[in-house]
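Q: Can you build the whole structure from these sequences, using the hints too?
Number of protein chains: 2
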Amino acid sequence: MANQWIAGVDLGGTTTKIAFITMNGEIVYKWEITTDNSNEGQNITANIAKAIDEKLLQLGQAKENVIGIGMGAPGPVDYETGIILNVVNLGWKDNYPLKDSLELATSLPAVVENDANCAALGEMWKGAGNGAKNLVCVTLGTGVGGGVIANGQIIQGVNGAAGEIGHLTVIPEGGAPCNCGKTGCLETVASATGIVRLALKELNNDEVAGELHDIFLKNGKITAKDVFDTARNGDPLAKKVLADVTFHLGFVLANIGNTLNPEGIVLGGGVSKAGNILLDSVNESFAKFAFSAVKNSTKLALATLGNDAGVLGGAWLIKNKLNQ
Amino acid sequence: MANQWIAGVDLGGTTTKIAFITMNGEIVYKWEITTDNSNEGQNITANIAKAIDEKLLQLGQAKENVIGIGMGAPGPVDYETGIILNVVNLGWKDNYPLKDSLELATSLPAVVENDANCAALGEMWKGAGNGAKNLVCVTLGTGVGGGVIANGQIIQGVNGAAGEIGHLTVIPEGGAPCNCGKTGCLETVASATGIVRLALKELNNDEVAGELHDIFLKNGKITAKDVFDTARNGDPLAKKVLADVTFHLGFVLANIGNTLNPEGIVLGGGVSKAGNILLDSVNESFAKFAFSAVKNSTKLALATLGNDAGVLGGAWLIKNKLNQ
Chain A
1 MANQWIAGVD LGGTTTKIAF ITMNGEIVYK WEITTDNSNE GQNITANIAK AIDEKLLQLG
61 QAKENVIGIG MGAPGPVDYE TGIILNVVNL GWKDNYPLKD SLELATSLPA VVENDANCAA
121 LGEMWKGAGN GAKNLVCVTL GTGVGGGVIA NGQIIQGVNG AAGEIGHLTV IPEGGAPCNC
181 GKTGCLETVA SATGIVRLAL KELNNDEVAG ELHDIFLKNG KITAKDVFDT ARNGDPLAKK
241 VLADVTFHLG FVLANIGNTL NPEGIVLGGG VSKAGNILLD SVNESFAKFA FSAVKNSTKL
301 ALATLGNDAG VLGGAWLIKN KLNQ
Chain B
1001 MANQWIAGVD LGGTTTKIAF ITMNGEIVYK WEITTDNSNE GQNITANIAK AIDEKLLQLG
1061 QAKENVIGIG MGAPGPVDYE TGIILNVVNL GWKDNYPLKD SLELATSLPA VVENDANCAA
1121 LGEMWKGAGN GAKNLVCVTL GTGVGGGVIA NGQIIQGVNG AAGEIGHLTV IPEGGAPCNC
1181 GKTGCLETVA SATGIVRLAL KELNNDEVAG ELHDIFLKNG KITAKDVFDT ARNGDPLAKK
1241 VLADVTFHLG FVLANIGNTL NPEGIVLGGG VSKAGNILLD SVNESFAKFA FSAVKNSTKL
1301 ALATLGNDAG VLGGAWLIKN KLNQ
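Protein chains in written order, with the working numbering: chain A, 1 to 324; chain B, 1001 to 1324.
FYI, nobody ran anything at the bench for these hints, they're computed from the structure.
Accuracy of the hints is not assured; some may be wrong.
[Said to hold, decoys possible] Derived lysine to aspartate or glutamate pairs resembling DMTMM-like cross-links, with alpha carbons at most 20 Å apart:
#, chain 1, residue 1, chain 2, residue 2
1, B, LYS1030, B, GLU1040
2, A, LYS288, B, GLU1173
3, A, LYS239, A, ASP280
4, B, LYS1133, A, ASP78
[To be verified] Derived list of chain A stretches under chain B, where covered just means 3 residues or more per stretch with a C-beta under 8 Å from a C-beta of chain B:
#, segment
5, 153-159
6, 174-182
Even glycine gets a Cβ: it sits at the ideal position worked out from N, Cα and C.
A: As structure tokens, this is what we get:
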């Protein structure tokens, strides 16, 4: 048992993160390979298998030490069968039998899960969730994703669509169009893209001045990070955008809290790197919309694992499978 | 096994419903007793025990045939300990050890759960949920309550406050005050009280005429049922109120659907007796706010068990305990 490792994999459209992880969730070794999407994605699992074998050789470890491979993949996954239902950017056709392909390529028992769910499991196990069995994780990146954990297990939903936190509606009427076809989704205001959109709307007002406006003039564009950085410096326009973003984000998180009353709601993804200026402002809005018993018990927190959440969540899936 | 019964109990502020139920969920016999709140609620469990013993005698059945008692109670319950955390209208002080009191009084193994959760379990087992392991039930009565079932188990929440569907915010700014201390909660628009409030607001407009207005003039008041009845007859004002109510209700149910993607969301309680005029209109709003994969898989339905949901859910708790 002492030397048993799990291979945790976080499959992305451009790079694939791989790690050897102990049963206690310690990362022994981690690295990245390029995701090869060519040839209808036929090389993806073979490349992962090859990368694992090469790394074991390099580390002088026997393959027998690796007891399984757990992977997060970017799309809805049928957990029972390990089929990924539809994917963009990976070359696979819909309903690709990812688990079977991974087991065949690696000769290891495999478990596959949606990548946002994997990140949530990682945070539950070793991150901000701190072992909580009821946890909601929201990933604020280019888009907004989520994972819902109840009684220690991911809620999949009947169609694999549970945890679509980015597509909860925050502006019922007159909201901006979302990529999903609806309007007024959380993603349109709380993703990096959404934050920039809101800021640009303000910046296009003639009367505007200030630090964020200066950056806009200088660079011809702004980023979500610019908004947080200038808000931290007191720029009124950036503060206004931040207040708008966190008003809607706190609204959604409070309604999720009122539904599930989890121990924690964890904010991850690139936008969460803004840190306390984000968290404090979301907490204010959350307190306004949360039922009192929820406000007093469900805690908001920033994710702590960063890019390691996915590989750790993948490893947890194998650990959990062995424990069943 | 053939003759084994479970006692299902639905404890209310004025009456207590009791039923003998088979392991298959068939109600053999059901009746009601008055809830005696006097003397700090000291008589409540003793009266239930007495009622069960008397009924068994009357039916010529031995107490040995009853294998347990499962109860829904109006308040947040700590499921592990069977302590009811706080109650109104029953005389008990906070943190009343209901399970222990019930076991002592009846000499039967007892399980206690919140009443809205019990109703949800009843609908899951024998009602509109049709055995679905992932189900959300919303009770539209004087207030609005809810129960969330995932993987066949009630989600309690860290502070027992999961399923507070009535206190999800639907009007973020400028909503009506709610009994909970917040404003703009679902309960302020989709409870019987909320529907009447919205209608009265319209009726106080000078320009109003029509069937609902006539009822208001004649009776000096209106009910939620009046609103649905006159909407069904085409009264424009009633239709406007109905559209307003179901817009907000569909908004909340879609956001719950986007979070959990359950097989079904079941509408129960007195207001749900309005039937298809309610369901059709909520479905329209749900479709507008639900993520496409959720819209195609999470089905809205009317509760089918009526007043029996609570006792059946209570019985399910015992059945479930025995199966573990």
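Q: Next, verify each hint and record whether it holds.
A: Right, here's what the structure says about each hint:
no., hint, verdict
1, B:LYS1030 with B:GLU1040, "violated (27 Å)"
2, A:LYS288 with B:GLU1173, "holds (11 Å)"
3, A:LYS239 with A:ASP280, "holds (13 Å)"
4, B:LYS1133 with A:ASP78, "holds (16 Å)"
5, 153-159, "holds (count 6)"
6, 174-182, "holds (count 3)"
The structure fails to meet hint 1 from the earlier list, while all remaining hints are met.
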